[in-house]
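Line by line, the protein sequences are chains A and B.
Sequential numbering of the first sequence, starting at 1, is according to my numbering.
Sequential numbering of the second sequence, starting at 1, is according to my numbering.
A few of these clues could be false.
One copy or two, it doesn't matter: identical chains are merged, so the pair holds either way.
Unchecked claim - Straight-line Cα separation of at most 35 Å, DSBU-like style, residue types lysine-lysine; simulated pairs:
1) Lys50 <-> Lys65
2) Lys115 <-> Lys50
3) Lys55 <-> Lys115
4) Lys115 <-> Lys102
5) Lys82 <-> Lys102
6) Lys67 <-> Lys115
7) Lys61 <-> Lys126
8) Lys65 <-> Lys45
9) Lys115 <-> Lys65
10) Lys115 <-> Lys45
11) Lys102 <-> Lys45
12) Lys61 <-> Lys102
13) Lys65 <-> Lys33
14) Lys61 <-> Lys82
15) Lys55 <-> Lys126
16) Lys82 <-> Lys126
17) Lys33 <-> Lys67
18) Lys61 <-> Lys115
I should point out that these hints are in silico values taken from the structure, not numbers from a laboratory.
Number of protein chains: 2
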Amino acid sequence: MKPTNRRKFIATSAALAAGTVASATPLNTMANKYPVIHHVLFWLKNPSSKEDRDKLVAGVKTLAKIKLVRELRVGVVAATEKRDVVDNSWAVSELMFFDNIKDQADYQNDPIHLKFVETCSPLWEKVVVYDAIDA
Amino acid sequence: MKPTNRRKFIATSAALAAGTVASATPLNTMANKYPVIHHVLFWLKNPSSKEDRDKLVAGVKTLAKIKLVRELRVGVVAATEKRDVVDNSWAVSELMFFDNIKDQADYQNDPIHLKFVETCSPLWEKVVVYDAIDA
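Let the hints inform the model, and build the full structure from the sequences given.
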């Protein structure tokens with residue numbers, strides 16, 4: 001058992017013993033694991049340029065070197081069903097997980113992040129950010 | 001070492017031995033773990049109603065019972081810095097991970113999902129969906 005699992009086990013056991021709501025939490029809910037989510041969608045200046053998209057994907061991947069970024073998922077538009085509610089007009093998705101809001105703020109000023117913005121911002125036309133915290 | 005970690009270790013070792021690009025992959029990149037991301041943002045009909053928000057959060061949490069949903073994160077707006085690019089006008093965030101696009105499509109028709117839509121759709125005014133796949 002890794003230390004993180006052990007801590008989780010102890011916390012879960014304590015919660016179960018106390019008869020709290022934790023016992024009703026579904027197993028596949030990741031609640032409280034890196035509770036701050038930072039999701040950034042990028043729209044390219046040249047939406048048809050696969051080269052620009054790949055450059056931006058490569059740029060976003062450099063952000064994984066930042067220690068405060070606990071997990072990173074870099075994506076492109078998935079070929080799911082086209083529905084009115086689905087926005088597939090973007091080009092690159094950057095999904096990050098942080099331990100807390102302070103880490104997310106500090107990440108903004110990390111030299112690797114600043115370098116990424118300097119290098120890659122000429123590629124994008126628009127950025128939309130959603131910052132969520134576990135409910 | 002858990003079986004999943006062991007598989008990852010073996011795969012990484014093989015990749016390192018083969019001198020592939022895998023050796024350059026940062027450790028905190030979750031690439032290829034449930035590669036399909038389904039992120040849904042909900043705006044409430046009554047944005048000031050904490051009760052409606054909590055009802056919707058509870059409704060989204062029921063979706064964790066669907067086996068095809070490999071991971072689920074239910075969130076509310078995080079108190080990160082207000083910047084032009086940050087959209088904090090929504091109320092509830094539903095972030096899901098799937099093994100593949102077919103599972104995401106099948107999820108749409110799962111009885112638990114259909115029940116959720118029936119029960120909770122009167123609460124929301126607008127929905128925006130971003131479907132991404134690991135790049």
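Enumerate the violated hints, using their earlier numbering and listing them in ascending order.
The structure conflicts with no hint, since it agrees with every one listed earlier.
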